[in-house]
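**Q** Work out the full structure, taking the sequences as your base and the hints as a guide.
Chains A and B are the protein sequences, given in the same order.
Letter 117 of the first sequence, counting from 1, is numbered 117 in full-length UniProt numbering, and no numbers are missing.
Letter 117 of the second sequence, counting from 1, is numbered 117 in full-length UniProt numbering, and no numbers are missing.
In case anyone wonders, no lab produced these hints; they're calculated from the structure.
Treat the numbers as computed from the prediction; the structure is a model and nothing was measured.
Misleading hints may appear alongside valid ones.
What the hints assert, rightly or not - On the chain B side, residues computed to face chain A include the following (Cβ under 7 angstroms):
1. T46
2. Q65
3. A67
4. G100
5. V103
To be verified - Derived DEER-like restraints, expressed as beta-carbon distance ranges:
6. B:M40 / A:Q258: 28 to 36 angstroms
7. B:N107 / A:Q215: 31 to 39 angstroms
8. B:G134 / A:Q258: 35 to 43 angstroms
9. A:V99 / B:I163: 52 to 60 angstroms
10. A:T79 / B:R109: 31 to 39 angstroms
11. A:K222 / B:E115: 52 to 60 angstroms
Claimed, not checked - Simulated pairs of lysine-lysine, DSSO-like, Cα-Cα distance not exceeding 30 angstroms:
12. A:K249 / B:K114
13. A:K48 / B:K129
14. B:K14 / A:K249
15. B:K56 / A:K257
Virtual Cβ for every residue (Gly too), placed ideally from N, Cα, C.
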Amino acid sequence: MAQSGVVFGSYAPRVNPKELFDRLTTPKTLELEPRPTFIKVGAVSNVKGSAYMEYGNTKVMAQVEPPKEISKNSNRSGTLGLILCSVKYAPFAALDSEVVARKESFMSVALKKALEPVICRHEFANFQLEIKVLIIDDDGCALSTAINCCGAALIEGGIPTYDLLTSSTVCVLNGQEFVNPTADVEDLLRSLPGCDNSSEEHGVLVTASLSGVGQISECFQKGYLLPETLERLCDHSLAINLRMVDTIKHVLVNKVKQHIASQEGEESNGSDEDMENNS
Amino acid sequence: MTPASGKSQRKHSKLICLPGQRLCLSDENTVSGQGTYERMGYIYATLAGTVHINEKDNCKFIEVQCAGSQTIVPVAGDIVTARVLQVNQRAAKCSILCIGEHVLEQNYRAILRKEDVRATEKDRVEMYKSFRPGDVILARVLPQTELSCYQLSTAENELGVVIAISSESGPNGPPMVPISWTEMQCPNTLVKEPRKVAKIVPASAVKTEN
Chain A
1 MAQSGVVFGS YAPRVNPKEL FDRLTTPKTL ELEPRPTFIK VGAVSNVKGS
51 AYMEYGNTKV MAQVEPPKEI SKNSNRSGTL GLILCSVKYA PFAALDSEVV
101 ARKESFMSVA LKKALEPVIC RHEFANFQLE IKVLIIDDDG CALSTAINCC
151 GAALIEGGIP TYDLLTSSTV CVLNGQEFVN PTADVEDLLR SLPGCDNSSE
201 EHGVLVTASL SGVGQISECF QKGYLLPETL ERLCDHSLAI NLRMVDTIKH
251 VLVNKVKQHI ASQEGEESNG SDEDMENNS
Chain B
1 MTPASGKSQR KHSKLICLPG QRLCLSDENT VSGQGTYERM GYIYATLAGT
51 VHINEKDNCK FIEVQCAGSQ TIVPVAGDIV TARVLQVNQR AAKCSILCIG
101 EHVLEQNYRA ILRKEDVRAT EKDRVEMYKS FRPGDVILAR VLPQTELSCY
151 QLSTAENELG VVIAISSESG PNGPPMVPIS WTEMQCPNTL VKEPRKVAKI
201 VPASAVKTEN
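**A** Next up, the structure:
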C-alpha cells in the first residue's frame, strides 16, 4: 500500500483518483441484497428505546430520550411534536476531526428528515423527542444504518410510528454501481474534484422508505447524477429496503414474543398455585 | 394477518402486530382505538405488540397493547399521580409522576389552581389548608390552555391528597391517616392537619371521560 504514495482516509482533492479506484474491489454482478445484519433492540438496559445495529462492519447505536416539554421561551405554535436528532462519531472512530464535524451535522439533518414522517407526532404535541445516534464504526452506509437503527429503537421504546422504516445506500463511481458502498468507496467519492466539466457521473444516494404504506420519507442525493441514473439507483435502493424489512420484522416479532412469553410465565406460575389450592 | 383471522381468534389475542400492519377494515361498527390509526378505510397498527378487540355498545374497538411499556404523555382527562412542590395562596405547583398505572421516566410540571381544588364552595378554598409541599395527590388533567404547563383539577370526591406526612414528624415520619374528607391525622403524634383528602376507590370506579 505504502509504495503507491496515496492512502485512503485523507480528504484532499485527489489529483489522480483512477489509481485509488483501481485498488477497489468492484462488484462483478449487481446484487440487491443488504449486507449481513445484526440488530439488537433494547441494547441499553437503563433506557427504554434503544437499539444496536451492525451492518457489515458498520456499527451504530441509537437511543430515544423520553419526551421533554418544550421550554416556554421557544415561541413555537403547532400541534406536532418536535424531533431532535444528534449523530455523533465515537471518539475512537479515527477520522479527520473536520470531516467528522461535517458528517455529523449533515447526518443529523438527514436523519431528522427521515424520521419526522414516520413518528405519530400529533401524540406528542408541545413535546420534543430527542434521538441520539452513536456511530461506533463506519464502513460506509453510516446514514442508512443510523436510520434503520433509529426505526427499531423508536418501536422498541413504544413510540407510535406509522410504519417500519428501512433505508439503504447506493452509489455510482466511474460508471460502476456500488450497492452498500464501503468506507473506501465513500471516501473516494467525497474527495473527487467537484466540477471538472466532465460528464462522468458520480454520486451517492440514500433512501429511507416506509414499506407498508409505500412512501419514501427521505431521498438524500449527493454528487452529479443524470435523472435516469438517479431513477435506476432509487429503484435499487428501494429493492434493498424491501429486503431489509424482513430482518427488522423478524427482530421485532421476536421481541414481542419474548415479552408475551415472559408475561405468560408469570401468569402460569400464578395459575399453578391456584390449581394446588383447588386440589 | 387477515381480518378473518382477527375475528376468529378474538378471545386469545395472541395476534402479534408491528407498526404499519393493516389490521382490518374500518366501518361504523369497527373503531380504531389505542395504538392504531385509520387510513384509506383501513385500520393500521402504530405499535409493536398484541391486538385486542374490545366489544362495547355493538362496536368493536381495535386496540394494540404495546409489548413493554409505551411512551405516553399526559392528555386532558387522564388521572395522574403528582407530587406537590410549592404552595401559594392562588395555586400549587406540582410534578406529574404517573399517568394511571404508567410510571413516567420524565416528570412534567403542572399547576393546580385554587378554583380547581374542589367542586363546591370554590370561593372559600384555602390552598394552605388543602395541600402542603411533599403531598402526593391524585388529580385529573384539564384541557391545556397554556403552553408547556399542565393544569390539574381535584374537584371530585375520588381526587385529592393520597399520601401526606405531618409537618411536625419530618420527612421520614409515617403517612397520615385520613379521618374525614378535610382532615388527616398522624398516627404517632395524633396531630390533625387539614387537607383535601381523596376518597380512595378502585381505579375502575373512577369515571373516565375519554
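**Q** Compare the structure with each hint and give your call.
**A** Status of the hints after comparison with the structure:
For T46 of chain B, the suggested interface contact is upheld, since its CB lies about 4 angstroms from the closest CB of chain A, less than 7 angstroms. Residue-level restraint check for Q65 of chain B is violated (minimum Cβ-Cβ distance to chain A is 10 angstroms; threshold 7 angstroms). The beta carbon of A67 of chain B comes within 4 angstroms of a beta carbon in chain A, closer than 7 angstroms, and the hint placing it at the interface holds. This hint is violated: G100 of chain B has a C-beta 15 angstroms from the nearest C-beta of chain A, more than the 7 angstroms allowed.
A distance limit of 7 angstroms between C-beta atoms decides the matter here; for V103 of chain B the minimum to chain A is near 11 angstroms, and the interface restraint is violated. The supplied range of 28 to 36 angstroms is met by M40 of chain B and Q258 of chain A, whose beta-carbon atoms lie about 33 angstroms from each other. For the hinted restraint 31 to 39 angstroms between N107 of chain B and Q215 of chain A, the CB-CB distance of approximately 36 angstroms keeps it satisfied. Checked against the hint of 35 to 43 angstroms, the pair G134 of chain B and Q258 of chain A passes, with Cβ atoms roughly 40 angstroms apart.
Taking the beta carbon of each, V99 of chain A and I163 of chain B are about 55 angstroms apart, inside 52 to 60 angstroms as hinted. Taking the beta carbon of each, T79 of chain A and R109 of chain B are about 20 angstroms apart, not inside 31 to 39 angstroms as hinted. Separated by about 58 angstroms at the C-beta atoms, K222 of chain A and E115 of chain B satisfy the suggested range of 52 to 60 angstroms. With a CA separation close to 51 angstroms, the supplied pair K249 of chain A and K114 of chain B exceeds the 30 angstroms bound.
About 39 angstroms separates the Cα atoms of K48 of chain A and K129 of chain B, which puts this hinted pair outside 30 angstroms; it is violated. Among the hinted pairs, K14 of chain B with K249 of chain A is consistent with the structure: their alpha-carbon atoms are about 17 angstroms apart, no more than 30 angstroms. Annotation: proposed proximity of K56 of chain B to K257 of chain A holds, straight-line Cα distance about 28 angstroms (limit 30 angstroms).
The structure is inconsistent with the numbered hints 2, 4, 5, 10, 12 and 13, although it conforms to all the rest.
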